[in-house]
Amino acid sequence: MNSRLEDLLESAALEPPEGFAVRVMAGVKGLPPARKARNAPRWMPWIAVVCGFVLSIDELVSFILSAWITVTAN
Amino acid sequence: MDIANLLKRIVDGDRDAFAEVVETFQRPLFGFLGRMGLPKAVAVEIAQETFLRAWRNLGQYQTGRAEFSTWLFSIARNLALNELTRASNNDEATAQDAGAMSGSASSEPLHQLVRSQMNIQLQNALLRLPLPERTTLALACVRELPLAEIAVLEGTTVGAIKTRLHRAKAKLRQSLEASDE
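Line by line, the protein sequences give chains A and B. The first sequence runs 1 to 74 under this note's numbering. The second sequence runs 1 to 181 under this note's numbering.
Bear in mind the hints are in silico, worked out from the structure with no lab data behind them. Here the structure is a predicted model, which is why all the values come from computation and not from measurement. Relax, there's no trap hidden among the hints.
Quick partial rundown of chain B residues pointing at chain A, CB under 10 Å, derived from the structure: (1) E23; (2) F32; (3) F51; (4) L58.
Beta carbons: idealized from backbone N, C-alpha and C, even for Gly.
Chain B on its own, in the form it takes in the complex (with noise of 0.2 Å):
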């Protein structure tokens, strides 16, 4: 996709061409959002929002300055990071989404229910990460954004990025191992 040039169309007044624009973003930004252990109603809610920030803001972003997707991404990761700090003191949202995904399991198949098992306990040492470490990690997970652009993103170097991976990986691993035995 030619974005300088989708960008192009849509500050010459094509509304339309911001919709290939959300359908080239949605699905690695509810990835990113899902791994960073939001309930799927408030990362709908969050990556509207994105979208909309970002149709406000457009004449302010740089092509030169930035990739699209870093500019993006910096939208969702504040609105995202927002809702976690606001969020922190009571933690009914993710209590109630665990509720609810331990519920439809039931009924399913047992492979099914292994697996809906398994991202309950992944969900769970998620939200355990510190939220600079859960950012990293959910951001390196989106392929359109590189090392280097998440370290623009968290205002760091590329080294800090490495060891803050590593030491994510390392946490969820130990807690995955934790909640197997």
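Extracted from the complex, chain A is given alone in its bound form (with noise of 0.2 Å):
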């Protein structure tokens, strides 16, 4: 039963019809040709990282300035 079943699930295939490649080509050659897509480039990411950490030191620094000014003006 299990050949049976695997040559009756070999028939049940469709088969492509004649000159089913050309149609298809026919209709690639309407579209716009394949290109490869453009991925960010890998240091993108750093830079984001880089600026994250040069504006929070930045930050840092502001909050102990305005705090030391402020102990030592009182």
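Both chains are given apart, each in its own frame, so use the hints to dock them into the complex.
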């Protein structure tokens, strides 16, 4: 029964119609050329990290300075 | 076939290289669509749309992430499932197809008539399978797709795929035995 089932499943496959590939290629001719997707450069996320780091350091320095000024002024 | 080389040629502007992709995958694709229980006219539309979508999205395919066959069959699988879900409310297409098959069988010799009859029985048995089992079975018949790739396509584990396959074959056997009696 198992091999009979396999045979039957084999026969259930459809065959591509005559000239199918030609038809597909005619459709492809009307489409823009396939292009590799442009991925963002690998260094992009690092720029964000460095910018974030610099900004947070800047914030920290401003905070320390203003705190020091406040303390020394009093 | 060196698919990586073919894909490189395609993105470099060689459109004709895509014809080789179509030639290579058209038979397994039609095999899959037939086992999904789709009528031939619908299968032709879906196969054509699969290749056109593959062309449009070729830039997004990443060689390291999945086999090209898996990526291509994921497009076909989604299109087939959409079509089957859409057509699930009216069984007209399948009934028409079965009618056409039995009509053409009447003028054939006896062994072809028996074969056509068995094909109709199988088609009906396939259509009675739940969609996840039918999809898994249809994909498992594609030689280019190992079980691990089918598991990726179906979003499940290899173990679950094996269980589904076993269940689907048991149900098919049961349906065919019932129609034999």
